[in-house]
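Listed here are the chains, written in short residue letters.
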Amino acid sequence: MDHPEIVSHIRDKFPGDRVSLDPHAYPDELRMHASPESFKGVCLELHKILSSPVMMLFALDERAKLNKFVINCVFADMKKSRWIIVSMDTPPDKACFDSLSKDIYSASLFEREIKEMFGIEPTGNPDPRRLNLHDEVWPQGNYPLRKDFVKMQDGPRGDYRFNRVEGSGVFEVPVGPVHAGIIGPGHFRFSVAGEPIINLETRFGFTHRGAEKLFEGRPYPEAVRISECISGDSAFAHSLAFINAAEKIVGVSVPAKAAYTRGILLELERMYNHVNDIGGIAIDVGFSFPAAYASIIKEAILQLNEKLTGSRYLKNVNLVGGVSIDIDETGKRALLESLGKIKRDIEELARMLEASVSFMDRVDTTGALRRKTAEDIGVVGLAARASGIPMDLRKYFPGIYKDAKFNMITQASGDVLARLRVRISESGESCRLIEEFARDLKEGEEINVVPELREGCAIGYTEGWRGPVLYWLKTDAGGSIERCKIVDPSFHNWQGLSYAVLGNIIPDFPVCNKSFDLSYSGNDL
Amino acid sequence: MRHILKNRILKGVVTRHIEPELSNEVEAAGLELLTAIRKRFGRSLHVREVDTGSCGACESEIISANNPIYDLQRFGINFVASPRHADALLVTGPVSKNMLIALKKTYDAMPEPKFVITFGDCALDGGIFKNSYYVEGVIKDILPVALHIPGCPPNPAIMIKSLLAFLKEQ
Numbered sequence: 001m002d003h004p005e006i007v008s009h010i011r012d013k014f015p016g017d018r019v020s021l022d023p024h025a026y027p028d029e030l031r032m033h034a035s036p037e038s039f040k041g042v043c044l045e046l047h048k049i050l051s052s053p054v055m056m057l058f059a060l061d062e063r064a065k066l067n068k069f070v071i072n073c074v075f076a077d078m079k080k081s082r083w084i085i086v087s088m089d090t091p092p093d094k095a096c097f098d099s100l101s102k103d104i105y106s107a108s109l110f111e112r113e114i115k116e117m118f119g120i121e122p123t124g125n126p127d128p129r130r131l132n133l134h135d136e137v138w139p140q141g142n143y144p145l146r147k148d149f150v151k152m153q154d155g156p157r158g159d160y161r162f163n164r165v166e167g168s169g170v171f172e173v174p175v176g177p178v179h180a181g182i183i184g185p186g187h188f189r190f191s192v193a194g195e196p197i198i199n200l201e202t203r204f205g206f207t208h209r210g211a212e213k214l215f216e217g218r219p220y221p222e223a224v225r226i227s228e229c230i231s232g233d234s235a236f237a238h239s240l241a242f243i244n245a246a247e248k249i250v251g252v253s254v255p256a257k258a259a260y261t262r263g264i265l266l267e268l269e270r271m272y273n274h275v276n277d278i279g280g281i282a283i284d285v286g287f288s289f290p291a292a293y294a295s296i297i298k299e300a301i302l303q304l305n306e307k308l309t310g311s312r313y314l315k316n317v318n319l320v321g322g323v324s325i326d327i328d329e330t331g332k333r334a335l336l337e338s339l340g341k342i343k344r345d346i347e348e349l350a351r352m353l354e355a356s357v358s359f360m361d362r363v364d365t366t367g368a369l370r371r372k373t374a375e376d377i378g379v380v381g382l383a384a385r386a387s388g389i390p391m392d393l394r395k396y397f398p399g400i401y402k403d404a405k406f407n408m409i410t411q412a413s414g415d416v417l418a419r420l421r422v423r424i425s426e427s428g429e430s431c432r433l434i435e436e437f438a439r440d441l442k443e444g445e446e447i448n449v450v451p452e453l454r455e456g457c458a459i460g461y462t463e464g465w466r467g468p469v470l471y472w473l474k475t476d477a478g479g480s481i482e483r484c485k486i487v488d489p490s491f492h493n494w495q496g497l498s499y500a501v502l503g504n505i506i507p508d509f510p511v512c513n514k515s516f517d518l519s520y521s522g523n524d525l
Numbered sequence: 001m002r003h004i005l006k007n008r009i010l011k012g013v014v015t016r017h018i019e020p021e022l023s024n025e026v027e028a029a030g031l032e033l034l035t036a037i038r039k040r041f042g043r044s045l046h047v048r049e050v051d052t053g054s055c056g057a058c059e060s061e062i063i064s065a066n067n068p069i070y071d072l073q074r075f076g077i078n079f080v081a082s083p084r085h086a087d088a089l090l091v092t093g094p095v096s097k098n099m100l101i102a103l104k105k106t107y108d109a110m111p112e113p114k115f116v117i118t119f120g121d122c123a124l125d126g127g128i129f130k131n132s133y134y135v136e137g138v139i140k141d142i143l144p145v146a147l148h149i150p151g152c153p154p155n156p157a158i159m160i161k162s163l164l165a166f167l168k169e170q
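If you're matching them up, the sequences are chains A and B in order.
At position 413 of the first sequence the residue is numbered 413 (my numbering), and the sequence of numbers has no breaks.
At position 100 of the second sequence the residue is numbered 100 (my numbering), and the sequence of numbers has no breaks.
Just so you know, not all the hints are guaranteed correct.
To be verified - Using 20 Å as the maximum straight-line C-alpha spacing, the simulated PhoX-like pairs for lysine-lysine come out as follows:
no. : chain 1 : residue 1 : chain 2 : residue 2
1   : B       : 11        : A       : 343
2   : B       : 6         : A       : 341
3   : A       : 80        : A       : 474
4   : A       : 102       : A       : 48
5   : A       : 79        : A       : 48
6   : A       : 341       : A       : 307
7   : A       : 341       : B       : 11
8   : A       : 80        : A       : 68
9   : A       : 151       : B       : 130
10  : B       : 130       : B       : 39
11  : B       : 6         : A       : 343
12  : A       : 147       : B       : 130
13  : A       : 65        : A       : 102
14  : A       : 80        : A       : 405
15  : A       : 474       : A       : 147
16  : B       : 140       : B       : 104
17  : B       : 114       : B       : 104
Since the hints were made in silico from the structure, they are not lab data.
Source: prediction; values computed, not measured.
With the sequences and hints as input, model every part of the structure.
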């Protein structure tokens, strides 16, 4: 459905003053305000028309100025390169909204988050449990994202109940939060009957650091540094998504050279992580030589990052208005030279894996996530593409990717092998894109402009290596941040993993997990 | 198999394949570290890592220190899967409230004698997450910390050099 059609369709369905449009939105945003009674209806209608999961659902505390809470729900209109934002107000004394989660699975975790952080009730949500604020350590009645929250007050504590699979011969295997490897903390509870997994329940929040609250009241330069520490392996994607929102608000258009530099660095980040995961999948089935080989390639990319930017993880590069580093002719030569070697090594790595029958046998059909399941639970990014869902912000919100003729990679089977193949192909595509972008880097062009601060709110987004990284930002006139909502693709995709492992055996869990390679800290915030 | 053999031969030994200057530094510090570890621990130093809320960059660097290029293991440092096997606890992250119990339990599960190393700026005092409502922050107040390795994240070379300087002092 076309854009004006969507608007008139919604208007027809919800006549009168039940839905109003915000005329001041940016070209890539469409903002609607719905009355509390029609909020749920509008969201369900958009979900149906756009077949988009709930990409973001979050609350704002506007009690001080406007005496209300605001709920925002964001959908992606991929075909029209637009984000559709539905908002509604709710009074502070009886703060609630109609839950979407019985109709849209992807809304469920967001609603639980709103409830624990703001104390706003998602009426009708079947799962009242908290996500990140664990009952064991955080008393009830403390809502940290409310503006008037100062310090934790002691009070009664609840308890957390895991779902139970009952029946004779069903065993529970609890794993974590501290795992055997050098990896983040999370709790996995498997229910098994014999060998196959019949249920996996995840409990996260162990790396919750209250990141969203830390943004509040900070100016841009400080806030960018926090965004780089949301998920360390996506430091650049996160800072880029943050910057994207900020640049929309201040209305600055970045110099071409800065845009290409960002493109190069984003693709380098994708490559080192993809290579790391290809190696990780190999090591998790005990195939150590390719794993070691992959770690050599990863180190080469990290060293290239350091040579170009002074940081192995691409921190301290992004600024509102541009980038802080200039890739000159020498840098460009070094980049292209290293890239050639890296490309050959990745091809060799893929060849080694594909030539091993026992390896291919292990990953083929393991951890399959069917397209229908992935769509129903709202899986995004790389995992979605491996299950056959064409979804990549680089294609649908192209920017500099348009001239580079970006080629989106999808697979159909949704198993470990499909995710592996998407990674291998995307690494090759990234090499090509970097070469394209490097060609457009011109010596001596400016790399940043100084922004004028303004008040406003906007969505920032970028396709990180896991999938879409989204930031919703609201600032005051002095450029300090009033609210920052972050959604890492891991938040959507951990649910996908819980379904992908069903019917597999526990010894295959590590390889299934690695094939998704989701972030703990990006999920927990 | 053919591809593996081919690449094995073509790649050769990669352990010194970094900038020559850095390579010499790492090599010299590493060999000294090996001697220091032999002297202090008899054979090798076993380390258990715990993430208390880091962003994952510190973990990535610790894993990098174990890749064939730095290959920490040849200097006598092993990363182990259980705290029961560990001499040292390597802590990353600013200590989220949710990880406090797990951190203490991991430390308690280690046999004596044992010591704690904090890794990365967050682990020193909460770093960028200092003053957050959900961060306990200073690990020194929770566990006896013997060594801090600074950086955001510290790179493998800094890790090797810090460990060496620390063991030399003892």
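Checked hints:
no., hint, in the structure
1, 11(B) x 343(A), "holds, 15 Å"
2, 6(B) x 341(A), "holds, 16 Å"
3, 80(A) x 474(A), "violated, 24 Å"
4, 102(A) x 48(A), "holds, 14 Å"
5, 79(A) x 48(A), "holds, 14 Å"
6, 341(A) x 307(A), "holds, 16 Å"
7, 341(A) x 11(B), "holds, 12 Å"
8, 80(A) x 68(A), "violated, 32 Å"
9, 151(A) x 130(B), "holds, 14 Å"
10, 130(B) x 39(B), "violated, 38 Å"
11, 6(B) x 343(A), "holds, 17 Å"
12, 147(A) x 130(B), "holds, 19 Å"
13, 65(A) x 102(A), "violated, 33 Å"
14, 80(A) x 405(A), "holds, 18 Å"
15, 474(A) x 147(A), "holds, 14 Å"
16, 140(B) x 104(B), "holds, 12 Å"
17, 114(B) x 104(B), "holds, 13 Å"
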